[in-house]
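Throw the hints in and build the complete structure from the sequences for me.
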Amino acid sequence: MVSLDSSAALISSSEAPVFPAPVLDRLDRAEIWCREHGQRLTETRRQVLGLILSDVKPSGAYDLLAKLRATHANAAPPTVYRALDFLLETGLIHRIERLSAFVGCTHAIDCGHGCDHAQWGVHRAQFLICRGCGKARELEQDSVAVVLLEAARAVGFQPESATIEIEGLCAVCQRKDKAADSDQA
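For reference, each letter of the sequence shown is one residue, going 0 to 184 in numbering that gives the first Met the number 0.
Don't take every hint at face value.
Claimed, not checked - In silico DSSO-like cross-links for lysine-lysine, where the CA-CA straight-line distance does not exceed 30 Å:
id : residue 1 : residue 2
1  : K177      : K56
2  : K177      : K134
3  : K56       : K134
4  : K134      : K175
Calculated from the structure, these hints are not laboratory results. These numbers were taken from a predicted model, which means no experiment stands behind them.
Structure (structure tokens):
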């Protein structure tokens, strides 16, 4: 479990940024999820998660730090990194290696039907990363992950995590490219 020192306690409710209602709902569900799993979503962890969930694109650690510093001048990198470590360990966020950035786990927070998608073991994630707009979309294709995990186990490998990152163009960027091509013709 990740412990926080006094620098992590710098974010109090009165100083916290205000998040839109859908993000607040996801934060409340994340807090319930943590409590049910014997963990604590501290105010700092909640703020970092809220910043990640508020952004349509993956967030880098220093981007998160800059956003925290907008309301908390004394925020420091270790504070953000400890919060990110906790959120990663609990499966509430994912790290997109290709971008060195973080996104909220849509399956752990948004499921809504009581499943425990963010299990404390092998968490499977697949991402579609748009090279045009920079957005990342998490997929829920367990069949892909199951095939890879079974293949790994068949050769005696014990997987601890499985993440697939696929880069390309989202539907919106494809339409923009087609429109730009037709304008040039």
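We went through each hint and held it up to the structure:
Restraint check for K177 and K56: satisfied, since their Cα atoms lie roughly 23 Å apart, inside the 30 Å limit. Distance hint between K177 and K134 is fulfilled; the C-alpha atoms sit about 19 Å from each other, no more than 30 Å. Restraint check: the Cα-Cα separation between K56 and K134 comes to about 5 Å, which is no more than 30 Å; the hinted pair holds. For a cut-off of 30 Å, the pair hint linking K134 to K175 stands: about 15 Å separates their Cα positions.
Comparing the model with each numbered hint stated earlier shows that all of them hold.
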